[in-house]
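**Student:** Take a look at the letters that make up each chain.
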Amino acid sequence: MSLNDPNWGRGGPRGPQGPGGGNQGPPDLDELWRNFNRKLNEMFRGRRGGGGADEPPGGGPSAKAFGGGAGVLVALVLAVWLASGFYIVVEGQRGVVLTFGKLSEETQPGLRWRMPWPIQSHEIVNLQQVRTIEVGYRNNVRTKVLKESLMLTDDENIVDLQFAVQFTVKDARDYVFNVRRPDETAMQIAESAMREVIGKSRMDAILYETQVDIANRAHELMQSIHDRYGTGIQVSTVTIQNAQPPEQVQAAFDDAVKAGQDRERQKNEGQAYANDVIPRARGAASRLGQEAEGYKQRVIANAEGDASRFQQVLAEYAKAPAVTRERIYIETMQQVLASTSKIMMDYRGAGNLLYLPLDKIMQQAGAAPLTDAQSSQRPSEPTPDLGPRSRESLRGRERGER
Amino acid sequence: MKALGPVVAILVVVLLLVSGALFTVDQRQNAIVFQLGEVKEVVTKPGLNFKWPLLQNVRLFDMRILTYDDVEPLRFLTQGNRPVLVDSFVKWRITDVRQYFISVQGDEFRAATRIRQTVSGTLREQFGVRTLHEVVSGERDVIMNQVRELVDLDLKRIGVEIIDVRLKRVDLPQEVSESVYGRMQAERKRLANELRATGAAEAERIRADADRQREVILAEAYRDAQRVRGEGDAKAANTYAAAFSKNPEFYSFYRSMEAYRSTFRGRTDLMLLESNSDFLRYFRDSLGRQSSTRK
Numbered sequence: 001m002s003l004n005d006p007n008w009g010r011g012g013p014r015g016p017q018g019p020g021g022g023n024q025g026p027p028d029l030d031e032l033w034r035n036f037n038r039k040l041n042e043m044f045r046g047r048r049g050g051g052g053a054d055e056p057p058g059g060g061p062s063a064k065a066f067g068g069g070a071g072v073l074v075a076l077v078l079a080v081w082l083a084s085g086f087y088i089v090v091e092g093q094r095g096v097v098l099t100f101g102k103l104s105e106e107t108q109p110g111l112r113w114r115m116p117w118p119i120q121s122h123e124i125v126n127l128q129q130v131r132t133i134e135v136g137y138r139n140n141v142r143t144k145v146l147k148e149s150l151m152l153t154d155d156e157n158i159v160d161l162q163f164a165v166q167f168t169v170k171d172a173r174d175y176v177f178n179v180r181r182p183d184e185t186a187m188q189i190a191e192s193a194m195r196e197v198i199g200k201s202r203m204d205a206i207l208y209e210t211q212v213d214i215a216n217r218a219h220e221l222m223q224s225i226h227d228r229y230g231t232g233i234q235v236s237t238v239t240i241q242n243a244q245p246p247e248q249v250q251a252a253f254d255d256a257v258k259a260g261q262d263r264e265r266q267k268n269e270g271q272a273y274a275n276d277v278i279p280r281a282r283g284a285a286s287r288l289g290q291e292a293e294g295y296k297q298r299v300i301a302n303a304e305g306d307a308s309r310f311q312q313v314l315a316e317y318a319k320a321p322a323v324t325r326e327r328i329y330i331e332t333m334q335q336v337l338a339s340t341s342k343i344m345m346d347y348r349g350a351g352n353l354l355y356l357p358l359d360k361i362m363q364q365a366g367a368a369p370l371t372d373a374q375s376s377q378r379p380s381e382p383t384p385d386l387g388p389r390s391r392e393s394l395r396g397r398e399r400g401e402r
Numbered sequence: 403m404k405a406l407g408p409v410v411a412i413l414v415v416v417l418l419l420v421s422g423a424l425f426t427v428d429q430r431q432n433a434i435v436f437q438l439g440e441v442k443e444v445v446t447k448p449g450l451n452f453k454w455p456l457l458q459n460v461r462l463f464d465m466r467i468l469t470y471d472d473v474e475p476l477r478f479l480t481q482g483n484r485p486v487l488v489d490s491f492v493k494w495r496i497t498d499v500r501q502y503f504i505s506v507q508g509d510e511f512r513a514a515t516r517i518r519q520t521v522s523g524t525l526r527e528q529f530g531v532r533t534l535h536e537v538v539s540g541e542r543d544v545i546m547n548q549v550r551e552l553v554d555l556d557l558k559r560i561g562v563e564i565i566d567v568r569l570k571r572v573d574l575p576q577e578v579s580e581s582v583y584g585r586m587q588a589e590r591k592r593l594a595n596e597l598r599a600t601g602a603a604e605a606e607r608i609r610a611d612a613d614r615q616r617e618v619i620l621a622e623a624y625r626d627a628q629r630v631r632g633e634g635d636a637k638a639a640n641t642y643a644a645a646f647s648k649n650p651e652f653y654s655f656y657r658s659m660e661a662y663r664s665t666f667r668g669r670t671d672l673m674l675l676e677s678n679s680d681f682l683r684y685f686r687d688s689l690g691r692q693s694s695t696r697k
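Protein chains in written order, with the working numbering: chain A, 1 to 402; chain B, 403 to 697.
Hint data in this document are derived by calculation from the structure and do not stem from the laboratory. Be careful, since some hints might not be right.
[To be verified] If you anchor each label on the Cβ, the simulated ranges turn out as follows:
1. A/Tyr295 <-> B/Arg667: 20 to 30 Å
2. A/Lys319 <-> B/Leu689: 23 to 33 Å
3. A/Gln234 <-> B/Thr600: 23 to 33 Å
4. B/Leu620 <-> A/Ile343: 52 to 62 Å
5. A/Leu358 <-> B/Ser664: 21 to 31 Å
6. A/Asp204 <-> B/Leu620: 44 to 54 Å
7. B/Pro575 <-> A/Gly110: 52 to 62 Å
8. A/Gln241 <-> B/Arg512: 24 to 34 Å
9. B/Glu541 <-> A/Thr239: 25 to 35 Å
10. B/Ile412 <-> A/Gly71: 16 to 26 Å
The beta carbon of each residue, even a glycine, is placed where N, CA and C say it ideally should be.
Please model the complete structure; the sequences and the hints are all you need to start from.
**Tutor:** Listed below in structure tokens is the structure:
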């Protein structure tokens, strides 16, 4: 690295700038010249006790001695030389000024002037710019860099992980002076720290659970390493873009995830069955209960009704037992015989041949009009007149008897 | 104007002398001043410095933290002869410029070679006594610290401080990776099968439980229903008994009549009547005398 390089390191000095570029007006050249001489003198006196080269260029009077053309030329060269000391520090940046290689000041944003080369030089560091490192991919998560993204986990599995680290410069001096190529160093630290954290985590945890936690741990580790090196870098965020099993085993992992869902589905189906069966059973149970209750009420009511009827009849019966009994008997017989088919026979003539076509009689009875049967079913008052059919049958019977 | 030529000449000579006699040492650098090849002075402070032109010359050394980063991952064997590929980087810094110059002639490349040899040797030792799991997980930082200390001790002799030795990648070689993938696949398959099987078992359990609950619910309901019916029957029997026991004989008559009524009720019921039945006693005899008496 040459000392004679005015652009030593990174940001080179800006070229001479016109007025109005910064927050201060153009400095007066004469004043600058005097200032320069004074600084130079101070410097040489301070450093080497004036024993060094005695080289201060002549002041105004000696310039006159050169005469017109040459004087103008020299003045012009001088002016350009002096103007090369202007530089601009943009908002969010810091300037670092070196005097003969020694750090002399840190400058704030604005138009700045330093003494021209070879006396002073400056470097500009952007503090606000957020720098990003992408590990395991470039530009897009899909364009993977497998060499960086495949990592070994605690349980000796391999995980494919892409992450990004964002950082800013918190200390311009540290950033410039402590470490060579700090940005590259940040990349190395990022990769190393993340791999250390992943190496201590289990595959399932990385894939399905604690990605934020891992990012936080890596973040802390990175920052502590940066602080140890004194890179002047502040790690602002660590984000895991993507964590997945390597392509070779992706299908198996997907299947395992699917299996987990299958399991849930099966359980849900079982639950659905249960939810169908149990309420139905409860319904049936409640029907059974209600029916039983209904039966109970009915049986009791019937019993009470029957008992009550009987008791009332019994009360009347007690008043006139014989008549009542006879009446009930005859009424019942009337009702029974009125509604059924009947044949009256006299067994005293049993010796005679008696032809009784039962099946025909039954057929005839079956074809009888329903209304007739119904009316006869009704417990009616004993009617003296019998239906024509009964009369007929009675006659028939008598004929048969004959 | 005549005097201009000599003036310019003198000026040029003076400038040459000055530029040969002055040198700056940057904030980031240290310098060694050599006098005819002999180390005369070590400049550690930044700033403008003086040397004798022509007689003395100067070499500058970068004093910042430098990096040695492996180009190719190194292959080590862990305990149990399992190979791993290890990618590491070393952060180092020159602490003693004089020593550094004497040892490696101030050549950064030679210094890096020296560092690489020491670090890889030490790493090899450390890996050899540890299992793969320890290397990857448990003792990663222990290894890094131990290697750093050991290497630092060794490289002090060449005027170099080792700030840090960090493992970047610890990977399995390709052929081993394949077998790891195979194992991972088998593991996932096991997990998937287990999940499916336990899912089926769980579903079956839920179904069986539901069936059991149904049986229990129905049985209990039946039990309760029967109890209620029994209560009804008992109450009814009690009521009947209470009423009918007042006159059992009349009850059997009354109840028989009722039963007759409801038994013989249709045309399809055919009755064969004997003329001497009690019902028909007036049918033959207006006084109702039994036929047997007439016989």
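**Student:** Please go over all the hints and tell whether each is borne out by the structure.
**Tutor:** Do the hints match the structure? See the list:
1. A/Tyr295 <-> B/Arg667: 20 to 30 Å: 26 Å Cβ-Cβ, so the 20 to 30 Å window holds.
2. A/Lys319 <-> B/Leu689: 23 to 33 Å: 27 Å, holds
3. A/Gln234 <-> B/Thr600: 23 to 33 Å: Between A/Gln234 and B/Thr600, where Cβ atoms are some 49 Å apart, the hint is violated.
4. B/Leu620 <-> A/Ile343: 52 to 62 Å: Since the Cβ atoms of B/Leu620 and A/Ile343 sit about 54 Å apart, the hinted range of 52 to 62 Å holds.
5. A/Leu358 <-> B/Ser664: 21 to 31 Å: Taking Cβ atoms as reference, A/Leu358 and B/Ser664 lie about 24 Å apart, which means the hint holds.
6. A/Asp204 <-> B/Leu620: 44 to 54 Å: At roughly 45 Å between Cβ atoms, B/Leu620 and A/Asp204 fall inside 44 to 54 Å, so the hint holds.
7. B/Pro575 <-> A/Gly110: 52 to 62 Å: For A/Gly110 against B/Pro575, whose Cβ atoms are near 57 Å apart, the range 52 to 62 Å holds.
8. A/Gln241 <-> B/Arg512: 24 to 34 Å: For B/Arg512 against A/Gln241, whose Cβ atoms are near 41 Å apart, the range 24 to 34 Å is violated.
9. B/Glu541 <-> A/Thr239: 25 to 35 Å: 28 Å, holds
10. B/Ile412 <-> A/Gly71: 16 to 26 Å: Because 18 Å falls inside the window, the suggested range holds.
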